[in-house]
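Undergrad: Protein chains in written order, with numbering that gives the first Met the number 0: chain A, 0 to 365; chain B, 0 to 258; chain C, 0 to 395.
Source of the hints: derived by calculation from the structure; they are not laboratory data. Just so you know, even glycine gets a beta-carbon here, dropped at the ideal spot from N, CA and C. Every clue listed holds true.
For the chain B half of the interface with chain A, some residues (derived, Cβ under 8 Å), not all of them:
#1 K34
#2 D35
#3 G227
#4 E229
#5 I231
#6 D246
#7 R247
Chain by chain, the residues:
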Amino acid sequence: MSVHTPHPDLPPPLSSVGFIGWCRSNLFSTPMHTALSLFAMYLIYLTVPPIISWVFLDATWVGDTREACASSTGACWVFVKVRINQFMYGFFPETEYWRINLAFGLLIVLGIPLFLKRFQHKGKLAAFILIFYPIITFQLFSGGNFGLTHVETSKWGGLSLTLILAGVGIVASLPLGIVLALGRRSKMPIVKSVCVVFIEFWRGVPLITVLFMSSVMLPLFLPEGTNFDKLLRAMIGIALFQSAYMAEVVRGGLAAIPKGQYEAAEALGLSFWKSMGLIILPQALKLVIPGIVNTFIALFKDTTLVLIIGLFDLLAIIQQAFADPDWLGYSIEGYVFAASIFWIFCFSMSRYSMSLEKKLHTGHVR
Amino acid sequence: MSETDNTSSQSQASGDVTIQMRGVHKWYGQFHVLKDINLEVTRGERIVICGPSGSGKSTMIRCINRLEEHQKGQIIVDGTELTDDVKHIDQVRKEVGMVFQHFNLFPHLTVLENCCLAPIWVRKMPRKEAEAAAMLYLEKVKIPEQAKKYPGQLSGGQQQRVAIARSLCMNPNVMLFDEPTSALDPEMIKEVLDTMIELAESGMTMLCVTHEMGFAKTVADRVIFMDGGEIIEENEPHEFFNNPQSDRTQLFLSQILQH
Amino acid sequence: MADEKRTVSEPAKPALWRRPAVRSVFFQILLVAGIVYFGNTIFQNTLNNLEQRGISTGFGFLDQEAGFGILMTLLPFDETHTYGRTFLVGLLNTLLVAGLGIFFATLIGFVMGVARLSRNWIISRLATIYIEIFRNIPLLLQILFWYFAVLRPLPGPRQSLILNDTFYLSNRGLYMPSPVYEQGFWLVMVALGIATVASILIARWAHKRQEATGQQFHTVITVIGLVIGLPLLAFLVMGMPLSWDFPVLQRFNMAGGMVIIPELAALLVALSIYTGAFIAEAVRSGILAVSHGQTEAAHALGLRPGSTLRLVVIPQALRVIIPQLTSQYLNLTKNSSLATAIGYPDLVAVFAGTTLNQTGQAVEVIAMTMAVYLAISLSISMFMNWYNKRIQLVER
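Using the sequences and the hints, build the whole thing.
TA: Structural data, given as structure tokens:
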């Protein structure tokens, strides 16, 4: 019997590790890759330094007038700085900005516990946010009672309007989407076909035609003399449109619930609505949170379309700022600013939904 | 099959070496997976490689058909040295068949198409011929009636037998088995092992990474024990199991033979 | 829903309203009644409203003279043509931008999707950056950016950026030479036709021979040679019967040649880049869906990387990619309606925009517009269902 002495670990050959090894295997593994890498580096060299100097180094940050930017070759962020309030709050009276801040502050405060691991009542809190928070926000925005001055919806605008439209779209479409999803899975032929037709109709047409429809056709549908708000019409259109997409997301979640869960619920003697409400939907909705976040991202980007029917969301309000004769020729700055705001929102949400997906995949073994 | 034992030991004596590994080292990043591997396999020899998981046994046989690159040392298969040269790699892969733990059948092709793919595109065989040959091997592994089915329709054991037939269709000189029964239910292990035993009896050179010690005892000419990336002990099966030389081998054997 | 079968030895029959089957019929009748009532109310309201505003109904307006011009048309069109023709012109413009967009988006998407999986770190990083930037910025913003920030500020025609005296880029668009087919060009077209037919025949023959003898034939090279070579030969034989109509700079504008108007260019660039990012993700997920074991098995069998890709990876990846790809094509077609924001005369801009404003017949116009998009998306989803059934992997 011999006692085995393990062979010592040797360091790998220099050419395969460290910076050189890394470059060799990741950049210069074959002549073609070498050529590609060099080409890409050249491309980066051509584009990145000018962009950085335009955005940061040569840009003008201080000043209040166009003259401040006259001498610089970089971006003129003064343009954005001067109008930042309008971009954020639209034409809301300046003295009432606190109401918008309060509404979004409240959302953040209410939302934080949802991300805390130890918080127990996530479901209840989420329901509160979905049902009561919109009412509070509407009061804050619109005013008219509790001593708040009334603010016309035509004065709402900017980023706050974008967020409102996306928020309303998602909150309003969720219940409708759930009903449609259940309907589409129903065994009753008429219910099923009505839901299928509804869903496929909205998914088949572009949002812009829906917005046109809600702005020109909706007034025709209602009894004579009823006249209602342009913003509300857009919201109805968005909510209907979105509900079809939401229905498909929820349907995916319902389909992912194992059949045993349905059977178990039935075996416990629960009625259809009780088994859905208590057993199936809570699980299905949890599964589709990433999907909901993804549709929210799509909706968030799509809200920009209200520009075409004359509402002033973030993009529209920036677009109309270009027409200001004092600030002609700064459109790139405006677009870059808008793009970065949208990008930050969408990118962080998509990362969040990806991390959720990962968590669900590991947590839900079937 | 003591006669084949004799022939193989004779051929060993005559030096008919199929696979040669000399001082092979391999690293995954900083991790030293294969340490100074020296191995010679003669034609017709059946070798079983065992060892705890993570000991480098799979990596070693995967180096033989260059699914993994080694960074130091020499691997020569049938006189062809494995280098970066694509021609050499092609040459070796034509001669070396491999069976995987998870079968890796192509799910979009039927069983027959799975078997014919490489003969047609690599050996440039006419389809008719390739199909006839494939049917022959499918009969050998006892599932000719499944030829028109898709892999998804077969049981695990059947799939693994198709995978063996698929490799055989290339008419290889050497077969590598990478834990061919580890992903199978117990009742299916036997059908695969039977196929492998039959193959061994036909004189195929085989390198087998497996935990099936029964298979090692009945079929192997040589058992190799690996741990920590190195070959610790190699011996003919009887000696290996009854009289292990190293303490590591002893420990390993006591662990796996307990139950 | 429970439809319990109670056939066993006459248990007490429940009251009518407690039987699931009865309930379900009742519920459905209620639903239908609700929908009919709702639809009828809307219908009556609409009729009243239209009457009040003095707007006529029906599709008679399609035969009336439109009286407006359109920036870019594929059909001959002027003010004297009908509203019906504006529909057609708009539809063709939509199809044009969608078709071109799909082509470029697919190209960008496949290149970027494969690049993102490249072993080359810098290439895969660049592809990732492209994808993450462009799919997270609203499409409309991108369209407006290309139009108002890039193409419109270009210098006027007199200060065009000129390449080689053939391409002129200005705020009026990209002018380039247009081909003029002279007598004898027909032979080139005939040659192209013959080459195409011959290629198909050769491909079949090569396949048959390969099946029979195992010999392989470089079909791709031969076909490329044929399709390019034969027409080229005909072209030379006929004495090069093709000339180019070069754009010429005149006092205020360009004359001759062809032009891609900036509206089309902006829309096309934005649509292709935006959708390309999504297609790249689809391609990536498709390729990743093919497990590494498949490639290894193919390599172990001796297949070269090229054959592995063609015979093993791509057929499997396409099953994942194609459904996503078609839904992206559908999105692109629907998104092309954003044209209206920059004045590219697509279906929505021309028909649901100008025509609707002039006639006021919102219901008919919107219905026709929506019907077009619905028809496109329904036919695509029908294709998808058919395709999915066809490619479904057979499993136990």
